[in-house]
Amino acid sequence: MIAKLFLTLAAALLAALLFTPESFTEVFRPLTHNNAPPIYLQTSLLRLTLSHLALVGIAVTASTLVAVAGGVLVTRPAGREFLPLARTITSVGQTFPPVAVLALAVPAMGFGAGPTLVALFLYGLLPVFENTLTALSTLPPSVLEAARGMGLTRRQRLWQVELPLALPVILAGVRLTAVISLATATIGSTVAAKTLGEVIIAGLLSANPAFVVQGGLITGLLAILIYEAFQRLESWSAHRAGLIRPQ
Amino acid sequence: MRFALPPLSALSPTGLLFAATGAIGLWLPLVQFKPNRIVAGQGVDLIAALPGPAGWAVALGMAAILALGLAAGRGLGLRLGLAVLGLGLSLFALGLAARGLMPEGNRMARVSPAAGFWLQFLAFALMATDALARLRPGIRTRAAILAGAVAAGTGVLASGWLDRTSVMIEYAARAEMFSRSLWQHLLLAFGSLGLAFIVGLPLGIAIFMARPLRKPVLTLLNMLQTIPSLALFGIMIPIFGWVAAHVPGAADLGVAGIGPFPALMALFLYALLPVVSNTWVGLSSVSPAVRDAALGIGMTPAQVLRQVELPLALPVVLAAVRIVLVQNIGLAVIAGLIGGGGFGSFVFQGLNQTAMDLILLGALPTIFLALVAGIGLDLVIETLSRQKHRSTP
Amino acid sequence: MIRLDHLSKLYSGRAVVEDVSLTVETGQIAALVGTSGSGKTTLLRMINRLVEPTKGRVWIGDTDAAKIEPHLLRRRIGYAIQGHGLFPHRTVGENIAIVPRLLGWREAEISARIDELMQLFDLDPAVYRDRLPHALSGGQQQRVGVARALAARPELLLMDEPFGALDPVIRAKAQDDLRAIQRQLGTTLVIVTHDMEEAIQLGDRIAVMDKGRLLQFAPPSEILTAPATPFVEALVGAAERPFRLLSLSTVDALREPGEAPGTPINPDTSLREALALCLWEGRAALPVSGGGIVTLAALQARAEGASR
Ligand SMILES: Nc1ncnc2c1ncn2[C@@H]1O[C@H](COP(=O)(O)OP(=O)(O)OP(=O)(O)O)[C@@H](O)[C@H]1O
Ligand SMILES: [Mg+2]
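Protein chains in written order, with UniProt numbering: chain L, 1 to 247; chain G, 1 to 393; chain H, 1 to 308.
These are computed hints drawn from the structure, not numbers from a lab. It should be emphasised that the depicted structure is a prediction, and the values quoted were computed from it without experimental measurement. Just so you know, even glycine gets a beta-carbon here, dropped at the ideal spot from N, CA and C. Worth double-checking, as some hints may not be accurate.
What the hints assert, rightly or not - Cβ-Cβ distance ranges computed for the label pairs, FRET-style:
#, chain 1, residue 1, chain 2, residue 2, range
1, H, Val127, G, Val199, 54 to 64 angstroms
2, G, Gly339, L, Thr88, 31 to 41 angstroms
3, H, Arg3, L, Pro141, 22 to 32 angstroms
4, L, Thr88, H, Gly186, 55 to 65 angstroms
Unchecked claim - So these bits of chain G aren't anywhere near chain L, every CB distance computed over 10 angstroms:
#, residue
5, Gly95
6, Leu186
7, Ala245
8, Val247
9, Thr300
10, Val347
11, Ala373
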C-alpha cells in the first residue's frame, strides 16, 4: 500500500520534472549561488531523458539477445565444451569496473554514443548470461524427461519448455543489467554521449549543485521505476510459469 | 599432393575459438606508431614491426601454439603451459616492436599496442582460463597461481622490457604521480570499506535485533544505490564544503568539500547496503537450534552474539567485503572527475586530451586491482566457508 | 504387441541391462519388478529410445523401433513417470493436449479428447481444465500425468513408478483406476515398480529383474507358486509379510457402514481371508453379517500400513 503510493508519487514527480521543469525553479534555487540558473536549460531534460533511455534500451536489448543466445548455446550438447570457460569469464568479467570498460571503448570507438553503447552492451552481457545459465541448468529434471519422452524435438523443448520456465530468472538478470546500465550511462556523458550525465557534469563544472541534484534525481527515479516494472514482470512470468502459488 | 584433414570430432571447439581469435590477431596490426601522443597513428603488423626474421619466428611460434590447442584431448597441463608461453610471446613481440620502431632520442613518438596485440593476448588468456577452469585446481593451487600471476606481471613490468611502449612511457613521465594515485585509489577503496564496516556492522546487528528498524533502514540504503555515482560524488562536494565551513571542528577532522574526502563519503554510502544487509542475512541464517543451545548452556545474549552468531555469519559478511571492494575499486575512478585523485585522474585526463595511452595508464591498473581483489577474496571466502562446514557438521 | 529381442545396455563397459528378451501381448500389462539399480528404468527407456540399446532390438507390432525417428516413435508411445513431470507453465488441459498438438490433431478433436480423458480420470473439466498443475493435489497431478500419456491413444503405455510418490490409500485407488481404464482402452502397458504387491495386483505378467538380468517372466500365480530362483522367492516372501500380518486381525476391525452384493461373511473372518476373497472374486467390497461392509480399499490400505 505504502509502496504503491510511493511509486505513484515517484512517477508523478518524474513526469513533472520532465514536462514542466520551470515549475521547480524555486525548489532548486536554494541550491544555487551567485544567481546561477537553478534549472538546466541547454538541452531539454525530456530530450536528454529520452536519449538516455534509448541508449540504455538499445544496449540492454542487444546484450539480452546475445547473452540469452550464448546461454542457450553453452547448455546444448554442441556448445557444452564452452561451459567451463563461459562460467569463468562471467565471474571474472563482472569484476571489471564499468567505468574502465567505458574508458577503454573510447580509443576503439571515438567519442559520442558509440563507446557508451559498446560499454553498456559488454557490461550488460554478464548478469543476463549468468542468470540464463543458472536458469537453464536448474530446470526440474522430471519435466525435461517428460518432454523428451513425449516426443518433443530439441527445438520444441527449448521454446516450449526450457525458455518459458527459465524466463523469470532471465528477467531478473535483465533487471540487474538495466539498473546498472541506467547509472553507468550517466558516465557516458564524460565521453560526450547525450545522457542525463550531461546535466550532472554541467553542475560539476560550474559548481552548481542544483544541476547535480536534478540529473541525479531524474536518473534515480527512473531506476526505481524500472526496477519496480521489472519486478512486476518477473512475478507475472513466474506466476505464468506456474512456479509460485497465487495468493 | 593431398592433405588428410583430421575428422571434425578430433578438433576442440574451444581450441577453434582461440585459434580464430589468435589468427585475426596475427592478421591485424600489432602496434600503432604515432609521431606524437595525440595524433592518429598508423598500424604496423607483426612481420613489419619486428626486426629481421624475428617477426616470422614469433608468428610461426604463435601459430604453432594455436594449432596445438586445436587438437582435442591434449593434456590440460600442456595446454596451460602452451597458453602461458603464448602470453609471454605476445609480450615479447610487443616490447621488441616498441624497441625497434622508436627512433633513438625521439621523445614525442609513441608505439602503442593495437588490435593485433590485444587479440593475441586475449586468445592466449582465454586458452589459459579454459585450461584452468577444466583443471579445477584446489584452493591452495589457485592461491599459488594468483600469486604467481601477480609476480609474473610485476616482473615483466619491472624488467624494463616494455619500457619503450607508449603506456610505459606515459608511466615514466608520471612515475611519482602514479604511485600517489595508487595510494589514493587504495585509500579510497579500503578507507570507504573500513568506514562502511565501522558503521554498517553495528547497523546490521541493530536491524537483526530490532525488527521494526529493518525495513526503513534497508529501504533508505536501497534508495541510495539508485543515485547514479556521478551525482552522488558531485553532491558530496557542496554538502561537505558546507559542513567544513559551518560545523566547528569538522575541518580539523579532515572533513572537506575538496580533495578525496567527498569521494570517500560517496563510496562509503554505496558500501553501506552490502555490509548492512549481508550482516543481517548472515545473522538470520544462524540456525535457531544453535542459538538455543548457546543460551541453554548459560551464555548471555551478548556472548551468543560475539562467540556464536557473528563467527557463523562470517562468510556472508566477508562476501560483503568482496562486493564492496570490487565495486569501490571500480567506482573510485569517478573520484578522478571531482578532483578526488586515484587512477581516475589519468582516465579523465586521458579522455580530455584524447590520449589513449593515458586512459590505459589509469584503466589497466584499476582492472588489475579489481581482478586481484575479486579472485583473492573469493579464495578467502571459500576457505572460510569450508572451515565452517567442517566445524559444524 | 511389443517384443524385446536380446536387449543389452552397457555403460562404460558395465552391463546395466543384459540380454533381456520378452514379449507383451496386445492389451496386456507387464510389470517390471526388481531391487533398486536392477536396470528396470533403463530397460523401459530403451523401449522409447530415451536410451539407445547397445545390443538387441525392440519390436513394436511389426516395426523395428530403431527404424523410426526417436521423437516420432515417442509420440506413438505414452510415457508417465514418477513425479509426473507435468509442465508447470501449462494448464491441465494444455498438458493433456501436448502430444495431440504435436501430431497435428484438429483443435475441436483435441478439446473433446481432453474432456473425455478428464472425465475418465474423475477430474471435472469445468473445474480443473484451466488450472495450473501446482493447484492440484498430488493424486490429481498423477492422474493428469497418466491422462496426458494416454492422450494421443498410444498403442503402448510405459510407466516408471507412476505411483511412487503417492500415499497408500490414494495409491490403491490409482492402481484400481489404472487397471479399469487400461482394460477399457485395451492399451498395452509396461509398468515399472519396485513394489511386488503392486506388480501382483496389476500385472498380467511379471518380469523380475536382478543386476540387469531377467530372472523370470510369468503370470503372478506362477511367480508366487513357482519362483524361478531364490531371489524371486525372497522378493515374493517380502511381499507376503503384510498378508501374514493381516491374518492377525478380523474383519470386525475394518467394518464400515454400507451395502454390498453377495453372501455376507462372518465378522470373525481374518482380514487376510477377506482380502483373498475380494481379489479372487474381483470385488470392491464384501457384506459382513450383522450389517456393514468391508472394502478392498480398506484392506489394501491396512496391508500397506502393515508393510511399513
Ligand atoms: N546414464 C548412465 N550412466 C551410467 N550408469 C547409469 C546410467 N543410467 C543408469 N545407470 C546405472 O544403471 C544401473 C541401473 O539403473 P536403473 O535406473 O535402470 O535402475 P532401476 O532398476 O530403475 O533402479 P530404481 O529402482 O532405483 O529406479 C544403476 O546402477 C545405475 O547407476
Ligand atoms: Mg528406476
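Note to self: A cut-off of 10 angstroms on Cβ-Cβ distance, and Leu186 of chain G was said to be off the interface with chain L. Does that hold?
What the structure shows: holds (14 angstroms)
Checklist line | Beta-carbon spacing of Thr88 of chain L to Gly186 of chain H - inside the hinted bounds 55 to 65 angstroms or not | finding: Distance hint for Thr88 of chain L, Gly186 of chain H holds at roughly 56 angstroms.
Check: Ala373 of chain G: least C-beta distance to chain L exceeds 10 angstroms?
Finding: The claim is violated: Ala373 of chain G sits with its nearest Cβ about 7 angstroms from chain L, within 10 angstroms.
Margin query: At 10 angstroms, judged by beta carbons, does Val247 of chain G keep clear of chain L as stated?
Written below: Non-interface label stands for Val247 of chain G: nearest chain L Cβ at 18 angstroms, farther than 10 angstroms.
Margin query: Tell me if the beta carbons of Val127 of chain H and Val199 of chain G are separated by a distance inside 54 to 64 angstroms.
Written below: holds (57 angstroms)
Notebook entry, point to check: When you take the CB atoms of Arg3 of chain H and Pro141 of chain L, is the distance between them in 22 to 32 angstroms?
Noted result: Given a distance of about 30 angstroms, which is inside 22 to 32 angstroms, the answer is holds.
Checklist line | Gly95 of chain G remote from chain L - nearest C-beta pair above 10 angstroms | finding: holds (20 angstroms)
Check: Is 31 to 41 angstroms a correct range for the gap between the Cβ atoms of Gly339 of chain G and Thr88 of chain L?
Finding: Holds, since Gly339 of chain G and Thr88 of chain L (Cβ atoms, about 38 angstroms apart) stay within the stated range.
Margin query: So Ala245 of chain G supposedly isn't at the interface. Is its beta-carbon more than 10 angstroms from every beta-carbon in chain L?
Written below: holds (13 angstroms)
Checklist line | Given as non-interface: Thr300 of chain G, partner chain L, CB spacing beyond 10 angstroms | finding: holds (37 angstroms)
Notebook entry, point to check: Once the closest CB in chain L is found, is it more than 10 angstroms from Val347 of chain G?
Noted result: violated (5 angstroms)
Consistency with the previously given hints fails for numbers 10, 11, ordered from lowest to highest.
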